[in-house]
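A.B. asks: Heads up: the sequence shown is residues 1 to 176, going by the working numbering.
Hints were generated in silico from the structure; no laboratory data involved.
Please note: incorrect hints may appear among the correct ones.
[As the list claims (entries may be wrong)] Straight-line C-alpha distance at most 27 Å; calculated DSSO-like pairs for lysine-lysine:
#, residue 1, residue 2
1, LYS2, LYS31
2, LYS143, LYS2
3, LYS143, LYS165
4, LYS56, LYS39
5, LYS165, LYS50
6, LYS39, LYS142
7, LYS85, LYS2
8, LYS143, LYS50
9, LYS50, LYS85
10, LYS143, LYS46
11, LYS39, LYS50
12, LYS56, LYS2
On a predicted model such as this, the values are computed, not experimentally measured, just so you know.
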Amino acid sequence: MKRSQLEFIPEYFGNYINEVDDIELSEALVKYGPDLFRKEFSALEKAGYKTYAENKWTIKQIIQHIIDSERVFLYRALCFARGDKTVLPSFDENIYTEMSGSDRRDLHELITEFESVRNSGILLYDSFNDEMLNRTGICYNKKISPAAIGFVIAGHTLHHYNVIKERYIPLGEKII
1 MKRSQLEFIP EYFGNYINEV DDIELSEALV KYGPDLFRKE FSALEKAGYK
51 TYAENKWTIK QIIQHIIDSE RVFLYRALCF ARGDKTVLPS FDENIYTEMS
101 GSDRRDLHEL ITEFESVRNS GILLYDSFND EMLNRTGICY NKKISPAAIG
151 FVIAGHTLHH YNVIKERYIP LGEKII
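Construct the complete structure from the given sequences, taking the supplied hints into account.
C.D. replies: What follows is the structure, encoded as structure tokens:
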């Protein structure tokens, strides 16, 4: 299924979904995944713990946030694909990030974990048929389908990658 074939795009998640090219979901999950960060690994290490403004997350915190969010998104997709009608809550990304301890972790380790989570998600999505992809559920008081969640996953990663590339990588290039 391509992005343009989504039955509807929830407004709250539209920014992430619309960042993704109009490609097949399976292709988007590969294209906008851990390899984006691997190809910038040296630049990410040079930027280190620098942030572009006060109270912004570090690169490691951003990658951990992507991992945590992806796990939450995948759970939601699984619930809705299986027909679970439980209304799912939001999650506080700031608390998750604060409590993660990501800055004590190795950057390579984080990217490897991200790869593992993404590969698991790809396998999950490969198991869904069209009917499962188009079922809907409610999370964060928004109606959404597993298909839309898949594009949110890809677009969320791309969004954060672009922020890192535009705002963090240049910090590693500055001589201090």
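A.B. asks: Which numbered hints does this structure break?
C.D. replies: When the structure is compared with the hints, numbers 3, 6, 8, 9, 10, 12 turn out to be violated.
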